[in-house]
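If you number the sequence shown the way my numbering does, the last residue is 274 and the count never jumps.
Simulated from the structure, these hints should not be mistaken for lab results.
Keep in mind that this is a model prediction, so the values were computed, not measured.
Treat the hints with caution; some may be incorrect.
[Said to hold, decoys possible] The list that follows gives simulated cross-link-like pairs (lysine-lysine, DSS-like), each with its CA atoms no further than 30 angstroms apart: (1) K111 with K150; (2) K195 with K111; (3) K195 with K97; (4) K161 with K111.
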Amino acid sequence: MTSTADSFDASGPATATAPLPAARAVDATKIYGSGDTAVVALDDVTVDLPDGQYTAIMGPSGSGKSTLMHCLAGLDSLTSGKVFIGETDLTTLSDKDLTRLRRDSVGFVFQAYNLVPTLTAIENITLPSALAGEKPDAHWLEQVVKTTGLADRLSHRPSELSGGQQQRVAVARALSSQPKIIFADEPTGNLDSRSGAEILDFMRRAVREMGQTIVMVTHDPGAASYADAVLFLNDGRIVDRMDNPTAERVLDRLKQYGD
């Protein structure tokens, strides 16, 4: 374990030995409400999310983990501070430019699969490109389909797929446009343990074999063990980091914060 006081300083510029992170927050603060009813969801958070790494974000209920992910992904705005995707400061973008950046540079995987029921698996996978008026890279798409193991299910609609297969389609959709970063919010929450393990293993392979960057919010120590590193939040602050996590070590750490 390392102290977070110095580990999460993202204020300095990237150097030749410290590549530009895929995403970062600088002095990120998010307050809901005002006056006596104000709730500080994020409290001056500074953190880098390295390119090509699988990072899990954990913490008790109300710790700010989902708020941090939503602000990093441009789904919610900060009260103060900055968030970046690559070199782009999201806090400076218009709504139109923010929408374009999310479409072109960010992939999303949620607990609910969010598939279009009238589209086939391959149509769901290529939907981001279709909405952008572009054709997906054929070689990349072939690699995504091969990695997901969905080759014999591409003509099936969501109702004809199991929950695990539907979530694999959702992950493949997030990967299909080659985003700079994928944000996953409890991606195995609706799956049985076997299907969940398949999704987590696929996401792990997407990082190792395809160079993808994934940031995952989870409450499950077993899910977090698939990540390269785990960030722990409590009371809106990053309080610890664990590299090369195991489910047992993560569980022991979470016990310090309660729920």
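Each hint, compared with the structure:
Proximity of K111 to K150 is assessed by CA-CA distance (about 22 angstroms); at most 30 angstroms being required, the pair is judged to hold. Taken as a hint, the K195 and K111 pair is honoured in the structure, with Cα atoms around 19 angstroms apart against an allowance of 30 angstroms. For the hint pairing K195 with K97, the CA-to-CA distance comes to about 18 angstroms; that is within 30 angstroms, so the pair holds. Under the criterion of a C-alpha separation no larger than 30 angstroms, the hint pairing K161 with K111 is inconsistent with the structure, at around 34 angstroms.
Checked against the numbered hints listed earlier, the structure breaks hint 4 alone; every other hint is satisfied.
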